[in-house]
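Asker: Here is what each chain is made of, one letter per residue.
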Amino acid sequence: MLRKKGMKVINSKFEGIYWLKKGKRKFLVTKNLVPGFRSCNEEIVYVNGREYRVWDPYRSKASAAIHKKVKEFPVKEGDLILYLGVASGTTASYLSDIIGEEGVIYGVDFSASALLPLIQIARKRENIVPLLADARTPSRYINFVEEVDVVYCDVAQPNPTSIVSTNSNLFLKESGYVLLAIKASSIDISKKPKEVYLEEEKKLKETGFEIIDSVNLVPYHKKHAFLLLKRK
Amino acid sequence: MKAYLTVSPLGVLAVNEKKEIILVKKLKGDINQVTDKFISFLEKRTLTELNNALEELLDMGYREINIEEREPVKVKEEIKGVIKYSIPNKAGLLFRRYFTALSVEKFGFRNKKEARRRIREVSIRVTVYGIKKDRSRKDLSIIQAIHVLDDLEKMLNSLFLRIKEWYSLYFPELFDILESQELIIKLISKFKKPEKINPQTLKEEFNLPSEIINKIASSINETVGAKLQERDSEVIEELIQEWLSLKKCYDAVRGYIEEEMPKVAPNTSSLTGALIAARLISSAGGLESLAKLPSSTIQLLGAEKALFRFIRGKGTPPKHGVIYQYPLIRKSNKKVRGKLARKLANKIAIAARIDMFSGGRGEGKLQEKFVREIKNIVKEERNESNKQQI
Ligand SMILES: C[S@@+](CC[C@H](N)C(=O)[O-])C[C@H]1O[C@@H](n2cnc3c(N)ncnc32)[C@H](O)[C@@H]1O
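For the protein sequence lines, the chains are D and S, in the order given. Numbering (our numbering) for the first sequence: -7 to 224. Numbering (our numbering) for the second sequence: 9 to 398.
Hints may contain errors.
Unchecked claim - Covered stretches of chain D, going by a simulated chain S footprint (3 or more residues, C-beta under 8 Å):
#1 98 to 110
#2 120 to 129
#3 167 to 180
Calculated from the structure, these hints are not laboratory results. Since the structure is predicted, the reported quantities are computational estimates derived from the model, not experimental observations. Even glycine gets a Cβ: it sits at the ideal position worked out from N, Cα and C.
This is chain D alone, in the form it adopts within the complex (with noise of 0.2 Å):
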């Protein structure tokens, strides 16, 4: 745990997420939604009475995504999200932390496994509904899903693209924004990875996306781009 000595919270850029300061280090943190109870053997931290969770960069493309200075961070409190490919949930916790009791996480993952923790979470973290499927096959889980703010999608697959589009036509209220994490190694290894992401954003332009802000994920996260989108 870190010691509480010599530290300072401050507001990032964005709502609900903060740095801690430590001397010289600076981490970024959310508040925990749920004090005492801890999502993914993260680092916690009291401040001022207050219980915050730090988010690894490096275990976390949207905390990387931050730490590279990305234009936005479209979550906010109340948001609601559907998040592909949300695996064991610990990016999910931290978005759970930041759109609050008001908000909620569609949170779907077609390995069950890797979905298995996700449920001790859920079950503490009342903003979460996990569901067992293939984000390729919307069919699979759209009796559960509400329109939503944004759309999270983080699954390491050949067509981010076109996962992407069919689900933002399905749920994504106008105007809502996407985050997308691309690895290009899924896509295609023979081939650059800043190849690789261009060739996506031209894609994701002709599907109907604006992009707003692109960030490369190294040294978080290596051959991996970070992809703010806006639905035109």
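Following the hints, put chain S with the ligand in place on chain D, whose structure we already have.
Answerer: Showing chain S with the ligand alone in chain D's frame:
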């Protein structure tokens, strides 16, 4: 008149062409009953409230009912023609957009929180059910069994090696004469000390040919081994009992795989034999994953280590992994091995897909065809080399 209908854990909602709500059916019962209903809707495609809704819509004069589902639901034969499916449809779009208002005003929840709690509880239960079902998948047990089998094999080999080294102090010649680990172990267990080995018993109980018996008998007289003391013999016997019990375990696991594989993947098993099929499934991470692999990858399953070594610039590219254990490939001439491995991998890809996706039983046919093709390839190869010699 057209109606559009959507189903959720709250219930059934239908709208008309103008997106006006024409029907609402709340799912009845407590959370357990609702969950059970919903699971049976997702799996068996039937739901009481849905059937009631369809009847009412027909009574109201709707002659085309569009349901927001991909897989058809079960309905009476006479209304099948009335029902269409599309994703999304007007009812679903309305429901998802105005969830908050609709859940309170139409479905009678106290507030949106209560309604969302319903959705979440059903989703957690449905997901737990799905995870449980996934974990009971037979191919996952097969993968565990293969891991255990490999471990047991290593343990048996290393224990045998220890026993062999120890017993070689007293009768090293035995290990030159006999090869089978099990036979050697049983023999030592039976006679304990070399000088007690009895040709008569070797013949009657072990069914050994007289030539071998004579060799053993003469080695006993000429052995360079030391005399085995009672105390040593006792400890060695303990090790032997351990080996035998591991072997029993090994046989049980192997028997399990041979019995279960024809149920898990009948076509793949009959093509390659249960053990190789099980190893392929294990390397791929499951039957479904195997069924989705291209044959070029199947050919190399189990050779991952060699492949990575090659990518890092060491060694030669591997030509075959697990499928190399296939007897006809292992025994074949090096020149044709790659070709055979490719052929077999092709056939495995087909078999695994049938096993996974159609569950059909083309059993045996693929194998016959493969064996025929192999023989042809081998024959061709022989002709080729004959020609060259001439
Ligand atoms: C890189 S992990 C996601 C990690 C997670 N986003 C986090 O930061 O905590 C990718 C996940 O996507 C899932 N996945 C891949 N393809 C999928 C698909 N077609 N549908 C649903 N989930 C998928 C995998 O099971 C895996 O759990």
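Asker: Now look at each hint and say whether the structure bears it out.
Answerer: Status of each hint after checking the structure:
1. With a cut-off of 8 Å between beta carbons, the region 98 to 110 of chain D has 4 residues touching chain S; three or more are needed, and the interface restraint holds.
2. Given as covered by chain S, the region 120 to 129 of chain D passes the check, having 6 residues with a CB less than 8 Å from a CB of that chain where 3 are the minimum.
3. Counting residues of the region 167 to 180 of chain D whose beta carbon lies closer than 8 Å to any beta carbon of chain S gives 0, which falls short of the minimum of three for the stated coverage.
Checked against the numbered hints above, the structure breaks only hint 3 and satisfies the rest.
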